[in-house]
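The residues making up each chain are set out below.
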Amino acid sequence: MSESKTTSLYDFHLSKNAKVIDFAGWSMPFSYDGTLKEHHYVRESAGYFDVSHMGRLRLNYSQIEDINFLICSDLKNISNTKALYSIFTSEDGTAIDDVIFWKFEDDLILICNASNTNKIKTHLDIHSINYEDLTTTTDLIAIQGKNAIDIVSNIMTVPEKFSTSKEGKYVYARTGYTGEDGLEVMLDTNDTLGFVSELEAKGVKPCGLGSRDTLRLEASLPLYGFELTDDISPIEAGLKWTVTNKDDYLGKDVIDYQIESKEHKHLKRFKLNAKQIARTGTICTSDGVEGIVTSGNISPILGYPIGFVLFKSNPADDLVEFDIRGNLVEGNLLYKRFLS
Amino acid sequence: MSETKYLETHEWYIVDGDNVTVGISDYAQGELGDIVFVTLPEVGQEFSKGDAIVEVEATKTVAEAYAPMNCVITEVNSTLETEPELINNDPVGEGWMIKAEIKEMDDSGMSYQQYESFIS
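Same order as they appear, the protein sequences are chains A and B. So the first sequence is numbered by the working numbering: it starts at 1162 and just counts up by one. So the second sequence is numbered by the working numbering: it starts at 1031 and just counts up by one.
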């Protein structure tokens, strides 16, 4: 096995007593002060995450037609200052990766999951799309939280929600993965330490991948490898809103069929009426339909266990029975987001 | 009261006459991260050495604490039902999990020094 990759902040993380885990071949901070504390920093104030392990590719604008053929969303016709969440789909309509595009006048930045960077690069190669890999020459810092925008507005001009900007050494967008407002900022690796030191001086706390996961789950956001895989389509994952591509694209036939027929797997949100957590892989049944938990954890804000479950077909009932290590625990499917 | 001993499965126990108190080690709580829920046994429940007595749910994973010897539960730390974070904050003190009457003494656990070299 090859040695784990590190971001430019690795020594800085260690100096802050971060617990480090291996994630998709990268040594990344899992937590500093503890996952629950970090979760509350973001919900109540502001935190920053080193997410430099995520893949960052610069794409030439002239290739936009070719790129648009590989995703289920309309990247082509949105304005040049927008950030777009979309999904690279396969011929079978399943998810190759879920990604963010930052659209600018002259180029596009594609941000993909660390576990899928090589897969996406190969996919682009096969479709003759050129890119410049910025993953190791830049870092990506997400500043998220109730007060995040107030704080970062002292450092850079804040664009509208889901919009992009370039200013001095910062390339950024008002996007995130926590359910809170904030920015995701790409910058040269030489500038990162100075930037996070400035954030810390303004009271933004370092947060690890542990709280990033509890925050995204509580915000009802999917994680590739769990809610989305190369066996799950955007429709099955409940992400029909991402299907905005009017042109032909890879997997369009399957996705159109799923929308029309509703014959597909169904990802649902659930809460448990107990304290046990139904973790990834937990089997459950609802109305005779079998499901499997894709992600599950405690919601630190709601105080009870929540998660996503993937059913083989759409269950008619909202009552679910989970088999948690031999004990049957009741839960309910939820038709709204976990946090209102 | 005898010294605090440790098991390879990261529990600690203290023998006091016919009774034993059990919890999980500081190392174990650190590895688990934030503990959010514990399932404690009932008073009177009997366990053999190696049986799972407590289930510990943390944000990162779920783990079990095992009986260090054959014993019958005499008291559980019910404060943990509302304040499971006591295990994180004071694992070998306020975060104790159960007290039990010893049915068959087995004091083969490691000393703190031995346990420290075991985990490092």
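Worth flagging that the hints you see were computed from the coordinates, not collected in a lab. Every value quoted in this text rests on a predicted model; they were computed, and no experiment measured them. All C-beta atoms, glycine included, are put in the ideal place defined by N, C-alpha and C. Don't take every hint at face value.
Claimed, not checked - Here are some, though not all, of the chain A residues that point toward chain B, as calculated from beta-carbon distances under 7 Å:
1. Leu1197
2. Ile1225
3. Asn1229
4. Lys1436
5. Gly1442
6. Ile1459
Going through the hints against the structure:
1. Hint on A:Leu1197 holds. Least Cβ distance to chain B is approximately 4 Å, under the 7 Å limit.
2. At a threshold of 7 Å, the smallest CB-CB gap from A:Ile1225 to chain B is about 41 Å, leaving the interface hint violated.
3. Because the closest C-beta pair between A:Asn1229 and chain B is about 39 Å apart, greater than 7 Å, the hint is violated.
4. Hint status for A:Lys1436: holds, given a least beta-carbon distance of 4 Å to chain B, under 7 Å.
5. For A:Gly1442, the shortest C-beta to C-beta distance to chain B is roughly 12 Å, which exceeds 7 Å, and the interface hint is violated.
6. The criterion of a C-beta within 7 Å of any C-beta in chain B is met by A:Ile1459, whose closest approach is roughly 5 Å, and the hint holds.
In terms of the numbered hints stated before, the structure departs from hints 2, 3, 5, listed from lowest to highest.
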